[in-house]
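Enquirer: If you want the building blocks of each chain, they are given just below.
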Amino acid sequence: MADMRVKQPKGVKLDHISKIYQDPKTGKDFYAVHDVALDIAPGSFVTLLGPSGCGKTTTLRMIAGFESPDEGEIYLGGEPINALTPNKRDTAMVFQSYALFPHYNVFDNVAYGLRLRHISKPEIQRRVTDILKLVELSGMEQRMTNQLSGGQQQRVALARALVVEPGVLLFDEPLSNLDAKLRVQMRTEIRRIQQTLGITAIYVTHDQSEAMSISDQIILMKGGVIAQMGTPMEIYYRPNSEFVADFIGECNFLKGCVASSGAGLTKVVLPEGEVSVATDSPREAGTECEIVLRPEAIAIAESGMLPCRVELSCFMGSYQNYHVRVGDTLVKITDNCPVNKKIFNVGDAAFISFDPSCAHLL
Amino acid sequence: MAKGQSASLDRKKLLGDPAMVTTIVLLITFLAIFILYPLAILLVDSVYSAESGLTFDFFKSIFGKRTFITAITNTLKVGILVGLLSAAIGLLFAYVEVYVKVRTRFMSGLFKVVSMLPVVSPPFVLSLSMIMLFGKAGIITRFLLHIYDNNVYGFWGIAVVQTMTFFPVCYMMFRGLLKNIDPSMEEAARDMGASRFRVFTSVTLPLLLPGIGNAFLVTFIESIADFANPMIIGGSYDTLATTIYLQITGAYDKNGACAMAVVLLGITMVMFLVQKYYLERKTAATLTGKASRARMLIEDRSVTVPLTVLCSVMALFVIMMYICVPFGALFKTWGYDFHLTTKWFVQVFRKYKGLKAFKDSFVLSLIAAPITALLSMIISYLVVKRKFKAKAFIEFVSMLAMAVPGTVLGIGYIRGFAGGMFRTGFLQNIYGTGVILVIVFVVRSLPTGTRSGISALRQIDKSIEESAYDMGAGSLKVFTSVTLPLIKDSFLSGLVTAFVRSITAISAIILLVTPSYLLITVQINEFAEKGSYGIACAFATILIAITYGSVLLMNLIIKFFGTSRKIKEAE
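Just so you know, the protein sequences line up as chains A and B, in that order.
Following the numbering used here, the numbering of the first sequence begins with 535 at its first residue and continues without gaps.
Following the numbering used here, the numbering of the second sequence begins with 22 at its first residue and continues without gaps.
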């Protein structure tokens with residue numbers, strides 16, 4: 535296969551865009567997307583993540599051109615594109631329902647965009663063949679789309695969008711119609727292809743594990759605004775709100791009060807004892823705070839920082855799953871590789887402890 | 022909070038698409054001149070005349086006539102009964118075709134022919150055969166039952182004939198709807214323990230409910246707008262359409278006719294609006310762009326046998342009605358002298374310029390059909406798939422034409438174009454020519470085509486077109502490369518429906534046709550009125566042959582070039 539890297543991946547800039555819709559019931563206007571500002575670097579994979587109704591799909595459709603923003607400007611590769619129709623924009627979208635043309639076979643589906651660009655027949659033949667190879671559908675050219683499995687239809691949709699070498703590739707929850715196993719397989723595939731081609735990709739999903747595994751950057755949205763953006767690791771370990779922490783994976787929250795703060799370490803007083811948490815900036819002593827702890831960051835032992843009582847103990851194979859009570863707060867613990875460790879039973883008294891750098895303070 | 026820049030951006034995007042803008046402007050002009058304007062003129066003429074100025078005297082005078090009040094109640098009674106019967110029979114036929122495994126090829130063929138027959142025939146064919154079978158000289162009444170004074174003219178005559186004429190329309194609508202119901206919903210209900218009947222009442226029927234309302238609406242409006250059947254078989258039972266016709270052709274009372282036309286228009290319009298705005302909210306897309314599975318047909322004998330028998334009986338009755346007409350053209354004197362003869366056909370061609378009538382009808386309809394089909398597909402595409410300001414107007418006016426009875430439209434055209442637009446002489450030169458006849462054909466068939474186009478398009482996942490648009494195709498390209506191929510079957514059948522509707526049209530045409538054009542339908546009406554059933558039957562036979570031929574041709578074309586074939590093959 536020839537070098538298939540995209541010649542010119544484009545950056546996308548959303549300059550404080552908003553979209554106003556009318557509530558069909560009350561007739562009142564509301565912001566579906568509000569003041570979203572983003573700068574997406576060429577060649578990066580960015581995911582818009584959030585619960586349904588958070589404005590992620592609307593944002594994507596504004597980039598594609600199907601919706602027009604009420605405020606702000608969208609730039610593609612540095613050019614403002616607000617007034618361009620979808621067909622004039624250098625974007626290609628993979629739809630949730632795949633949106634394959636049922637009256638065309640696989641080859642014609644993929645070749646559609648190339649034919650619009652008046653590319654010569656042999657060139658179309660070559661590019662379609664190459665791209666079908668990339669998505670592992672070689673030999674399926676003559677199949678009609680309804681003779682394909684869900685995963686194969688998904689690949690055709692992907693190939694059809696990729697083959698036109700768009701400046702940016704848009705995905706609208708492309709995996710939501712697949713079964714779990716296939717979903718995991720396809721997302722790895724999408725990431726592999728994106729990196730092979732070096733293309734800019736914007737991906738919409740409500741599945742946090744999908745977002746984590748696939749993205750360079752995650753933009754977590756809630757109620758039309760950006761809740762937090764960052765790398766998957768930043769979002770996971772340094773959530774800026776309870777909503778973000780809770781949306782991305784399982785999370786424990788311990789309420790406390792700042793005792794002292796300095797040198798990247800903050801001491802927090804809880805009713806059950808005192809603990810240290812790594813912080814970037816010092817906190818004012820005496821303020822209320824919340825410690826964010828991931829279940830796998832907590833160790834359970836016969837001695838430690840905070841006393842607790844075990845309420846659930848469950849062997850899950852690769853880990854032991856505990857629910858323990860610290861004071862009034864329920865804490866979930868994932869104890870990895872439990873084979874040689876002491877297993878605590880329901881009703882046992884124990885202690886939890888954690889590394890200050892694995893905790894995060896809200 | 023006010024809407025921001027999105028409106029102006031949407032406008033800019035639209036203007037960046039010249040093909041769209043041109044199409045929209047042309048459409049609006051066409052609809053305004055040929056649908057809105059004639060109706061507006063009617064309204065004006067019903068309350069205004071040059072002599073007396075603004076006045077309600079015309080309304081006062083028509084409502085003072087007992088005959089007019091009777092005509093209104095007559096029309097409504099027939100309309101409601103015909104609407105209910107047609108919807109019920111249409112649903113039965115559609116259900117049997119889509120859901121039931123019909124035992125033999127013969128049976129399934131029979132169903133198709135029978136349900137197609139009435140569509141391809143001009144309305145008076147049934148009226149004629151009704152008279153020939155059940156009238157005073159009717160074969161069944163006179164020779165089988167020995168009833169010598171049976172009166173088929175009147176309420177029951179009209180109701181039976183109209184039901185038989187209109188139920189196929191309902192059948193087509195239901196067939197489309199039923200085919201679009203995802204079988205797995207019914208399987209789910211069945212799986213949870215529902216009986217077949219329960220599945221029908223709890224799943225299929227509720228899903229069909231808007232469609233049933235729709236079918237009733239369409240038939241009701243068709244029925245009260247129907248002109249030809251009440252004309253021939255109504256006898257002294259006058260309906261609004263015939264009363265208006267007589268008012269203008271017999272009494273030459275133009276303002277009175279306008280006032281009556283406004284009343285008829287008012288009734289159809291109210292029904293239309295109520296139904297449209299009630300139904301609109303209930304309509305939902307039930308199909309996505311993804312491939313779906315085929316339905317498991319019902320094989321249970323306790324279901325198939327009764328349904329098959331019921332449909333067969335009706336089928337045989339309808340077939341009998343149609344066979345009657347060609348025979349009527351072959352016997353010397355129906356009911357008295359059953360010697361075979363070709364004299365009626367000879368007379369048609371020698372004495373009554375049959376060839377010219379054939380040619381005029383055929384050519385004008387052939388011109389109108391593609392215009393109608395394309396126009397209705399474009400309108401459906403714009404209405405279903407695109408967002409723009411004038412969309413509501415286009416949708417409303419093109420659907421409005423459905424609520425306009427032919428007679429009303431005919432009078433509107435007379436008043437609106439006889440002296441040119443606004444009596445200024447503009448467009449006067451089209452009056453009395455073939456152009457205005459073609460336009461009337463188009464306007465008359467447009468709503469049907471648009472309706473079927475809209476329902477076909479609603480079933481197509483919006484993202485399929487968005488995807489083409491996103492890939493770089495302009496509006497025109499999206500329409501020709503994706504939309505049209507996906508609704509190709511609907512387009513082809515729209516083409517033939519438009520042709521058939523045009524060649525069998527009479528109500529508006531009869532008011533506008535000039536002696537330079539001989540139309541078959543007008544000839545049939547004329548001879549049937551005179552009681553020359555032999556000649557009327559000969560003309561009708563020719564007409565049936567043309568329309569049936571074109572429908573057969575369409576089915577062949579769909580079979581070999583339709584989208585469904587390509588997709589079906591894959592399954």
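Source of the hints: derived by calculation from the structure; they are not laboratory data.
Please read all numbers here as calculations on a predicted model, not as lab measurements.
Please note: incorrect hints may appear among the correct ones.
Interface residues of chain B toward chain A, partial, derived using beta-carbon atoms under 10 Å [to be verified]:
#, residue
1, Leu-35
2, Asp-38
3, Thr-44
4, Val-46
5, Leu-47
6, Lys-377
7, Asp-381
8, Arg-479
Straight-line alpha carbon distances no greater than 27 Å define the calculated DSSO-like cross-link-like pairs of lysine-lysine that follow [to be verified]:
#, chain 1, residue 1, chain 2, residue 2
9, A, Lys-562, B, Lys-98
10, B, Lys-34, A, Lys-622
11, A, Lys-622, B, Lys-410
12, B, Lys-406, B, Lys-297
13, B, Lys-483, A, Lys-622
14, B, Lys-410, A, Lys-559
15, A, Lys-559, B, Lys-98
16, A, Lys-562, B, Lys-410
The beta carbon of each residue, even a glycine, is placed where N, CA and C say it ideally should be.
Enquirer: State for each hint whether it applies.
Expert: We went through each hint and held it up to the structure:
1. Leu-35: Because about 8 Å separates B/Leu-35 from the closest Cβ in chain A, which is inside the 10 Å limit, the hint holds.
2. Asp-38: holds, 6 Å
3. Thr-44: violated, 15 Å
4. Val-46: violated, 18 Å
5. Leu-47: Nearest chain A Cβ about 20 Å off; hint violated.
6. Lys-377: violated, 43 Å
7. Asp-381: Where the cut-off is 10 Å and the nearest Cβ of chain A is about 38 Å from B/Asp-381, the hint is violated.
8. Arg-479: With Cβ-Cβ at 15 Å, over 10 Å, it is violated.
9. A/Lys-562 / B/Lys-98: violated, 45 Å
10. B/Lys-34 / A/Lys-622: Within the cut-off at roughly 10 Å; holds.
11. A/Lys-622 / B/Lys-410: holds, 22 Å
12. B/Lys-406 / B/Lys-297: holds, 19 Å
13. B/Lys-483 / A/Lys-622: holds, 19 Å
14. B/Lys-410 / A/Lys-559: holds, 22 Å
15. A/Lys-559 / B/Lys-98: violated, 39 Å
16. A/Lys-562 / B/Lys-410: holds, 20 Å
Violated hints, listed in ascending order, are 3, 4, 5, 6, 7, 8, 9, 15; each of the other numbered hints is respected by the structure.
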